[in-house]
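Chemist: Letter by letter, the chains look like this.
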Amino acid sequence: MKSEAPRSGLKPARTVLENGAVVLAKEARTTPAVTISLALRAGSIADPVGLPGTTWLLSRVIDRGAAARSAAEIAEALDSRGITLTTTVTRHLFTLVCTCLAEDFDPVLALLGDILMSPSVGEAELATRKGEVITAIRQDEDNPGVRASESLMALLYPDGHPYGRRTKGSIEIVGSLTRAQLLALHADRFAPGELTAVAVGDVDASRVQDSATRVFGGWRKPSPAPIRLPPVKPATTRRRLVIPMMNKSQVDIAYGFTTISRRDPTYYAFWLMNNAFGQYSIGGRLGDSIRERQGMAYYVSSALDANVVEGPLVIRAGVSPANVERAVASIDEEVTRLIREGLTPKELDESRRYLIGSIPRALETNAAIANFLQTEEFFGLGLDYDARLPSLLDAVTLEDANAAARRALDPDRATVVIAGPYDDQAILCL
Amino acid sequence: MRVTRLDNGLKVLIQEEHTAPLASVWCWYKVGSKDERPGLTGVSHWCEHMNFKGTANIPRDQVKGIIEQFGGSWNGYTWIDQTTYLETATRDALDRMLFIESERMASCLYHPDDCESERTVIISELQGGENDPDQLLDQELTATAFKAHPYRHPTIGWLADLQAMTREDLYGFYQRYYVPNNATLVVVGDVGTDAALRRVEHFFGGIKPGADIKRLRTVEPEQTGERRLTIRREGTTGYLKVGYHAPAVADAQFLPMLILDAVLTGAKGLNLWSSFRVAPPQRSARLYRALVERGLASSVSGSLLPTEQPFLYSVSVTATEGTSLGLAESALLEELDRVRRDGITDAELVKAKAQLKARLVFDSDSVTNIAHQLGYFETVANVDLIAKAPARIAAVLVEEVAAAARAVLSPSNRTIGWFDPLPVGNGNLKSAV
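Chain order of the listed sequences is A and B. Per our numbering, residue 153 is the first one in the first sequence, and the count goes up by one each step. Per our numbering, residue 95 is the first one in the second sequence, and the count goes up by one each step.
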């Protein structure tokens, strides 16, 4: 075991167990509670070839029985302590998160360890969870927001790229998956070297390290080979997809581009540019135009998801069917204005002051700190990242931010998806 | 916590929390959709939107950024009993936050152009909600369960009213309800109580009180028989809801009902702002086992919200693909009838109390959440209720839960709603380069 001395504002204590598992602990005494976050580098990119949705289904069944505990025993252990265990799957991470009272920390960490390391995946449990996932897929099919977002990702990341696949998979695939396939995925991808265990709250860092060592120290398994992601090819033409859903009231628009990876040195320029463009206050410039001045949408904003490879920047808006073309034209107009004229010094300064000033608020709760520490560890940002963050944002110049916009945004290369009670052909015929 | 009332009637609650260099300011008004008469449904929510549009001393174009410059966040919401506004930022923004709220109370402009622009924003918000069949069913079930009380109409309002409402309707409503004697100001965070109170007096002390407010006094008549509704629209998934008239927050049966809900669907806590963002612990709850574990539903949830007047206890079910709503309803009603007949066990009471103890701790993990709870309870009842909630929950007896189940879960007190999906007739993709 080797330890590094804490240096940052948050001052998390970081330990690497002999088997490679990373343990991060941060004491916070606001409430007598602890948030535990166990993240494995085993997200949906690890789905077997041709079987998207396998990781998602595993996430639904992993906490429904382990080698030493039945599903009923796990349910009782959680419910009797008032704990909600949440399992999430992103492209890269498979995460178990819960908040418990501080007095329950040790038994709860042991329970989560059992769930993570030795799921039983019983046949009856699997059948029940398949029914839930299939229902969720059917709900997604009836949701214009989900349809627009998923279709945009499929267009931005074509040819089976893991970023373009539906995380839940399809009804046919989910229906066909077997217990053996889920256990094989677990055996292949879950290993201590892939684990980051974070505990934040009313618990001593030494107790976290001792407890984590007891729970995970004996887990011996080599790490799997890393998954190589295909290169991302930026769009070279404008593309538009309409998904008519005439049983709905409002249209969802998703308009996007591929951008940069999280490790790109221009990341902070992109972050500031996106904040000013589609987030600051109520949706930045986009909100000013589409919501505030034109009154066209209840929501409009942009989101940047720089990831292991070049992630997307996605603009989202919900508008009435009569305003679809106006809204798309307004987004085009704002994108054009941004890349031609750039941000103003005032806009950049406002976003910078906001992002730096919001750090204490963003790191107020145990759950928020735990999430921050997981991101810090996953991208290798360093234990002092929260302390360095203001200077990283301070270093971005106006030209940096404007160059970021010019590099990634261009209406002629935008991919636009429109889902809802709208059919452009029908409109043209009228 | 210090409780003060200014001469103009404004109630002020200040609580020091020195865990982070932050402060949260909330201004609460005793006005919500229950105060709206027919033809003006949605007016309180629309007023909330208008109250972010600039004031006599905050020009329209300077609203944006006024809190963000302190790294802060701001928001507001409207529901059946209350409208509230908040800012959370670093403690050095306290003056700025109090200034904004004092301006909002006394000096909003309601420019005609802004009123028109916001009309379409709100209709867009309404249409976004209609996209969700579960939300649509909830709205229709509430409207069916209440036939007289204004709790029956949705907070966002009915579309025809939103299309017809005028600037004068909005501004008149604002002037009537946005007065200090109808408000509670809450400050929680890294502040000194005496100094914070002086700043509150500085910003709010000069605002004149308004006339006494005459409230609508409709009492919902007792329901005399089961009601039903079915929405048949294109969709992919069936939804079922059952709503029972339930006690108000200050009623002696409210906390026994909260425990009953925990036994049936898992404990949620009492924070409308944060509790429902995390699912309840419910794997061993009765309705979860009866519906989800048997494969009849992909989700089940219960909702008992603290309200000023009797509202609804509702249970919502998402039927799994291939399960008929009739089958799901039979399983649900069987369990509800069983608990009404037999009550709950001592072990269930112990577990529900443990869950609620934990959830009340989790509900108070930030200055924002603490401030919400103080203001919310003062607005719908009184702030003492939240302070005493842990002890009162610990004292609830199994017999009290059984009595609440008998009183509330009777067939004649319920309304059953279905969203019965019709096959979707389109959905073809159309692409163009």
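Just so you know, these hints were derived from the structure itself, not from any lab. Watch out, some of these pointers could steer you wrong.
[Claimed, not checked] Which stretches of chain B does chain A cover? Using the computed rule of at least three CB atoms under 8 Å from a CB of chain A, they are:
hint : stretch
1    : 113-122
2    : 170-184
3    : 224-235
4    : 326-333
5    : 397-406
Since we're looking at a predicted model, the values are computed, not measured. C-beta atoms are modelled at their ideal positions from N, C-alpha and C, and glycine is treated no differently.
Chemist: Next step is simple, just say for each hint if it's right about the structure.
Modeler: Checked hints:
no. : hint    : result
1   : 113-122 : holds (count 4)
2   : 170-184 : holds (count 3)
3   : 224-235 : holds (count 4)
4   : 326-333 : holds (count 5)
5   : 397-406 : violated (count 0)
Violated hints amount to a single one, hint 5; each of the other numbered hints is respected by the structure.
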